[in-house]
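J.: Residue-level listing of the chains:
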Amino acid sequence: MSSDAKSLTARERTAKPKVAIFKFASCDGCQLSLLDAEDELLAVAGAIEIAYFPEASRNMRKGPYDIGLVEGSVITHNDAERIQQVRRQCNKLITIGACATAGGIQALRNWKDVDDFIRAVYASPQFISTLKLSTPIAEHVPVDFELRGCPINKQQLIELITATLAGRKPNVPTYSVCMECKRKANVCILVARGVPCLGPVTQAGCGALCPSYDRGCYGCFGPMESPNTASLSDQFRFLGQTDTQLSHAFRSFNAWAWPFRKASEEAEHP
Amino acid sequence: MTGSGGKTIKVDTLARVEGEGGLYIKMAGDRVADVKLRIYEPPRLFEAFLRGRHFSEAPDITARICGICPIAYQMSAVHAIERALGITIDPMVRLLRRLFYCGEWIESHALHIFMLHAPDFLGYADVIAMAKNHREIVEKALRLKKIGNRIVQLLGGREIHPISAAVGGFHKVPAKSQLAQLAEDLEWALQTSLETVQWTSTLSFPDFEQDYEFVALRHPQEYPFNEGRLVSNRGLDIDAAEYEDHFMELHVKHSNALHSVLRGRGSYLVGPLARFNLNFDKLPEPARNAAIQAGLRPPVKNPFRSIIVRAVELVFACAEALRVTHAYEPPSAPRVEAPNQSGFGQAITEAPRGILYHRYVIDKNGLITAAKIVPPTSQNQRRIEDDLREYAAHVTAWPLEEATWKCEQEIRCYDPCISCATHFLRVTIDRG
Numbered sequence: 000m001s002s003d004a005k006s007l008t009a010r011e012r013t014a015k016p017k018v019a020i021f022k023f024a025s026c027d028g029c030q031l032s033l034l035d036a037e038d039e040l041l042a043v044a045g046a047i048e049i050a051y052f053p054e055a056s057r058n059m060r061k062g063p064y065d066i067g068l069v070e071g072s073v074i075t076h077n078d079a080e081r082i083q084q085v086r087r088q089c090n091k092l093i094t095i096g097a098c099a100t101a102g103g104i105q106a107l108r109n110w111k112d113v114d115d116f117i118r119a120v121y122a123s124p125q126f127i128s129t130l131k132l133s134t135p136i137a138e139h140v141p142v143d144f145e146l147r148g149c150p151i152n153k154q155q156l157i158e159l160i161t162a163t164l165a166g167r168k169p170n171v172p173t174y175s176v177c178m179e180c181k182r183k184a185n186v187c188i189l190v191a192r193g194v195p196c197l198g199p200v201t202q203a204g205c206g207a208l209c210p211s212y213d214r215g216c217y218g219c220f221g222p223m224e225s226p227n228t229a230s231l232s233d234q235f236r237f238l239g240q241t242d243t244q245l246s247h248a249f250r251s252f253n254a255w256a257w258p259f260r261k262a263s264e265e266a267e268h269p
Numbered sequence: 000m001t002g003s004g005g006k007t008i009k010v011d012t013l014a015r016v017e018g019e020g021g022l023y024i025k026m027a028g029d030r031v032a033d034v035k036l037r038i039y040e041p042p043r044l045f046e047a048f049l050r051g052r053h054f055s056e057a058p059d060i061t062a063r064i065c066g067i068c069p070i071a072y073q074m075s076a077v078h079a080i081e082r083a084l085g086i087t088i089d090p091m092v093r094l095l096r097r098l099f100y101c102g103e104w105i106e107s108h109a110l111h112i113f114m115l116h117a118p119d120f121l122g123y124a125d126v127i128a129m130a131k132n133h134r135e136i137v138e139k140a141l142r143l144k145k146i147g148n149r150i151v152q153l154l155g156g157r158e159i160h161p162i163s164a165a166v167g168g169f170h171k172v173p174a175k176s177q178l179a180q181l182a183e184d185l186e187w188a189l190q191t192s193l194e195t196v197q198w199t200s201t202l203s204f205p206d207f208e209q210d211y212e213f214v215a216l217r218h219p220q221e222y223p224f225n226e227g228r229l230v231s232n233r234g235l236d237i238d239a240a241e242y243e244d245h246f247m248e249l250h251v252k253h254s255n256a257l258h259s260v261l262r263g264r265g266s267y268l269v270g271p272l273a274r275f276n277l278n279f280d281k282l283p284e285p286a287r288n289a290a291i292q293a294g295l296r297p298p299v300k301n302p303f304r305s306i307i308v309r310a311v312e313l314v315f316a317c318a319e320a321l322r323v324t325h326a327y328e329p330p331s332a333p334r335v336e337a338p339n340q341s342g343f344g345q346a347i348t349e350a351p352r353g354i355l356y357h358r359y360v361i362d363k364n365g366l367i368t369a370a371k372i373v374p375p376t377s378q379n380q381r382r383i384e385d386d387l388r389e390y391a392a393h394v395t396a397w398p399l400e401e402a403t404w405k406c407e408q409e410i411r412c413y414d415p416c417i418s419c420a421t422h423f424l425r426v427t428i429d430r431g
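For the protein sequence lines, the chains are S and W, in the order given. With numbering that gives the first Met the number 0 applied, the first sequence corresponds to residues 0 to 269, in that order. With numbering that gives the first Met the number 0 applied, the second sequence corresponds to residues 0 to 431, in that order.
Accuracy of the hints is not assured; some may be wrong.
As the list claims (entries may be wrong) - Capping the alpha-carbon separation at 30 Å, the derived lysine-lysine pairs in BS3-like fashion look like this: (1) W:300 x S:61; (2) W:175 x S:181; (3) S:15 x W:131; (4) S:111 x W:145; (5) S:111 x W:363; (6) W:371 x S:131; (7) W:131 x S:91; (8) W:145 x W:175; (9) S:111 x S:15; (10) W:363 x S:61; (11) S:183 x W:145; (12) S:131 x W:175; (13) W:35 x S:61; (14) S:181 x W:171; (15) S:131 x W:35; (16) S:181 x W:145; (17) S:61 x W:175; (18) W:252 x S:111; (19) W:175 x S:183; (20) S:15 x W:371; (21) W:25 x S:15; (22) W:171 x S:61; (23) S:183 x W:171; (24) S:61 x W:9.
To be verified - Which stretches of chain W does chain S cover? Using the computed rule of at least three CB atoms under 8 Å from a CB of chain S, they are: (25) 22-34; (26) 234-241.
As the list claims (entries may be wrong) - Beta-carbon label-pair distances, calculated as ranges: (27) W:339 x S:81: 39 to 45 Å; (28) W:201 x S:225: 27 to 33 Å; (29) S:60 x W:21: 30 to 36 Å; (30) S:77 x W:339: 38 to 44 Å; (31) S:206 x W:208: 38 to 44 Å; (32) S:267 x W:152: 57 to 63 Å.
Treat the hints as calculated values from the structure; they're not laboratory data. Note that beta-carbon positions come from the ideal geometry of N, C-alpha and C, so glycine has one too.
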């Protein structure tokens, strides 16, 4: 190691809040959002001590940490134990993304027989250890804040880190994607063109991306606060969607989030 | 410690790779007794989710295998499904897809060269520490990465899990003027990439060469992205439809990702080194000249020099992106309508880390009945272990901490994406 790599004194390092980033079952995309914040990365790294972030650093410092960011869902026995240790090490525990807050796309296993499936996939199923369900972090330990999205919005992540350091409530809206469409003056594709769109029941945060690209929202930010899924389901049926199509619409990246889960099961067994 | 016997190199959590893996090397004197690239990233079992879903959902669902290279998944998915349905895409859509891939390559290669790999060569734990003394390089890297992301954002709405790719084309295509706005940034990126080739060539490389079988796509006119035959330096020359006749996956205990091997031949290498060695003549002139000036001519057999090859591919991606921004005219429709009909199709595209194979079987209602996906890292896994078996013997005389770091660096030459590799465990029964 070159000597200049050690030029920061231990004192300078320890004076900053320690942040750790933990990965469970996920695609790595939400933690990548931090490295994708190209304009803010060096400033963020100046304000905090990134103490544990294996995707970005070989230097893995021990806890306790001021803030722990958790990506991914729990799908193995080992991870179910590891999240308990992680919680004990972190003053504030924040989940980032649909896997950590709702079980992610891998929660689609929750409606299948995982053992049968693994037997079909692997030549030696005894090598594989996995749980029947993919569950969000909050089903295992108390969580201080859940940031939505598949993937998360990096500006919301920066806001969340900034707010947490300042001890204030992060400015992350809980209204629906419809609000963002209105603000962008998008013509409603559900009403005007009859395109099935989950915007009315999905939490804002993406900037109404899909409707802005001429397609219906597929719900990657998960359910908004008190969503009226029953009414939207009626609308989908009115547009000619089958029970299976309706069930699949709710059953994707936030399938295990309760309002979507309930709506998908009601569609499956009307 | 040569001759002391029983030395063990062990890394529980590999850093600066995507996903979760570890390394275990057992030495017996100077001899390497055992090498295991341990992949404990838990399997997410995607193939199950794809079964019964409509083919139009495949690009969105498979993107979630990897947050680093979602476009690769979207591209292999749409091409395989288009083949299954017998769809021909508009030439301008084809051009836009090349641009889309350029964006991902620029973003991913800039991330790897500067943020994941360069710290090894310069002796830092990470890019943040490196920025303290090399701020200018890191700022350039971030701007380069941002330009790649800007392309992806324009075509796909956002950098990670973009939303516009569709079977038959895109949900929405940009106006000509929007692409023209990229040109200024791309000119800067091209210059910076050329400087990056020069800069990476001045790093110091261990004297380590291996006799690889390189596998990559090859196209008659282009450096490969979405099309071409699959070729190797040992005579392989096949269509994507023949892939499974030549390659197979093995299930080993220490890895949740299946090991892919060439039938009867064993391990092989995919990614920048393979593409460069097999397609050197297809690189645009600035990229080829930069390579030659950096002392790089095929075949490059030293995996550590892949950092220079990635920089050469950055030059290619910037030059190609510029070409597309000039040549583009909006197609008459953003996509060809895709009918519900039964079919069977395979496709291979070049992800930043190497070839990515998809196969789908679709029924008459347009629902997927079977899917198989083989990501680049699962194909390189066996090769990484073979490398380490040789390389560990080279570094065994070094102090343990240094030897460990060196072995980690060797693995990072492959830019392994463990999340990808694990997320594609097959549905079909592997009888090996």
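J.: Name the hints, by number, that the structure is in violation of.
T.: The structure breaks hints 1, 4, 9, 10, 12, 17, 20, 21, 22, 25, 26, 28, 29, 31, 32; every other hint is satisfied.
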